[in-house]
Amino acid sequence: MARTPKSHRLTIANTQQTIDCAANQTVLEAALAAGIDFPFACATGNCGTCTCHLDAGKVTLLPRGDASLSPQQIKAGQTLACRARPRSDLTVTWLSRAER
Amino acid sequence: MTVSDKRNRAAAKLMADVHAITAKEGITPSALHALKLKLVALAAKAELFPLADFAMPVAEGRNHPLLVEDNDGHGLYLTISLPGKEAAPHDHGIWCINAAVSGRECHKFFRRTDSLARPGYATVEQVGEVMVEPGGGMAMADHDIHSTVVVGDAPAIGLALYGYALVRFPSVSWYVPQFNSVRSTPSRRHAAMA
Numbered sequence: 175m176a177r178t179p180k181s182h183r184l185t186i187a188n189t190q191q192t193i194d195c196a197a198n199q200t201v202l203e204a205a206l207a208a209g210i211d212f213p214f215a216c217a218t219g220n221c222g223t224c225t226c227h228l229d230a231g232k233v234t235l236l237p238r239g240d241a242s243l244s245p246q247q248i249k250a251g252q253t254l255a256c257r258a259r260p261r262s263d264l265t266v267t268w269l270s271r272a273e274r
Numbered sequence: 024m025t026v027s028d029k030r031n032r033a034a035a036k037l038m039a040d041v042h043a044i045t046a047k048e049g050i051t052p053s054a055l056h057a058l059k060l061k062l063v064a065l066a067a068k069a070e071l072f073p074l075a076d077f078a079m080p081v082a083e084g085r086n087h088p089l090l091v092e093d094n095d096g097h098g099l100y101l102t103i104s105l106p107g108k109e110a111a112p113h114d115h116g117i118w119c120i121n122a123a124v125s126g127r128e129c130h131k132f133f134r135r136t137d138s139l140a141r142p143g144y145a146t147v148e149q150v151g152e153v154m155v156e157p158g159g160g161m162a163m164a165d166h167d168i169h170s171t172v173v174v175g176d177a178p179a180i181g182l183a184l185y186g187y188a189l190v191r192f193p194s195v196s197w198y199v200p201q202f203n204s205v206r207s208t209p210s211r212r213h214a215a216m217a
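Residue numbers (my numbering), protein chains in the order written: chain G, 175 to 274; chain U, 24 to 217.
This is chain G alone, in the form it adopts within the complex:
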């Protein structure tokens, strides 16, 4: 019998919604599955449209292009919703282009 992946609680601060996010699911996948209109475009770590601030929690990042998220952005607490899988309960805030 297949084991159900561990799940974490994910809060999207912009909409003040808290949903489940499986450990093998990205923040973007969980948000869209819950009907949240999270901004995105490529969903594969290239364009940076889904850049968000990681307000709380820890994530693992899937492969991405260097131009999509700089080391300075990571240092500032930013991540990519399309590449981030939860390692704990999370709170994120998606960012406008001007805020990145």
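Keep in mind that the hints were calculated from the coordinates and are not lab data.
Backbone N, C-alpha and C fix where the C-beta goes; we use that ideal spot for every residue, glycine too.
Don't take every hint at face value.
[What the hints assert, rightly or not] So, partial list: chain G residues that the calculated Cβ filter (under 8 angstroms) puts toward chain U:
1. 215
2. 216
3. 217
4. 218
5. 220
6. 221
7. 223
8. 237
9. 239
10. 245
11. 249
12. 269
[To be verified] A few chain G positions that, by computed beta-carbon distances, are all more than 10 angstroms from chain U:
13. 179
14. 183
15. 187
16. 188
17. 191
18. 193
19. 194
20. 230
21. 232
22. 242
23. 261
24. 265
25. 273
Got chain G; can you put chain U on it based on the hints?
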């Protein structure tokens, strides 16, 4: 002459050949094929592209400009992508040629199958596939849709030639089959040309 000098000279020769081909017949399927053969021949000269001359990605994918033309011309880049690096199906609005120096990158080609009636909604179906590996390459026209993923355990190192430099790219339309979505990123052309 240093390796860097030889590389610059080879890039300039390639670009001269590219302009000779496109001046003669425009951007046609046969012209794109001819450009691909030129780029594959350049990529085969692996001694011109020693990894010591190019920083590895901080994450998993990085582009190094080799020759970026002025006056809204073409852009030639060396690309390094690590295993697992991927890009969803996308149309970058401008023609593109890829050729491998080393490693393997799978390119899949798609066509849009929905009616274009619903904003943000799109479906695509795969219509082709090419493995870009040493000795080979791929060419695509202005509005072709392709996806990429690096396969195997080695980095995919290749040459990429675009009709426009990356800093002057048009809007890119991304199709994500998992979400049946299409989303476009802003064009860089106005800002870059201002």
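Hint-by-hint comparison with the structure:
no., hint, result
1, 215, "4 angstroms, holds"
2, 216, "4 angstroms, holds"
3, 217, "5 angstroms, holds"
4, 218, "4 angstroms, holds"
5, 220, "5 angstroms, holds"
6, 221, "5 angstroms, holds"
7, 223, "6 angstroms, holds"
8, 237, "4 angstroms, holds"
9, 239, "4 angstroms, holds"
10, 245, "6 angstroms, holds"
11, 249, "12 angstroms, violated"
12, 269, "15 angstroms, violated"
13, 179, "17 angstroms, holds"
14, 183, "22 angstroms, holds"
15, 187, "22 angstroms, holds"
16, 188, "17 angstroms, holds"
17, 191, "18 angstroms, holds"
18, 193, "16 angstroms, holds"
19, 194, "18 angstroms, holds"
20, 230, "23 angstroms, holds"
21, 232, "17 angstroms, holds"
22, 242, "8 angstroms, violated"
23, 261, "18 angstroms, holds"
24, 265, "23 angstroms, holds"
25, 273, "15 angstroms, holds"
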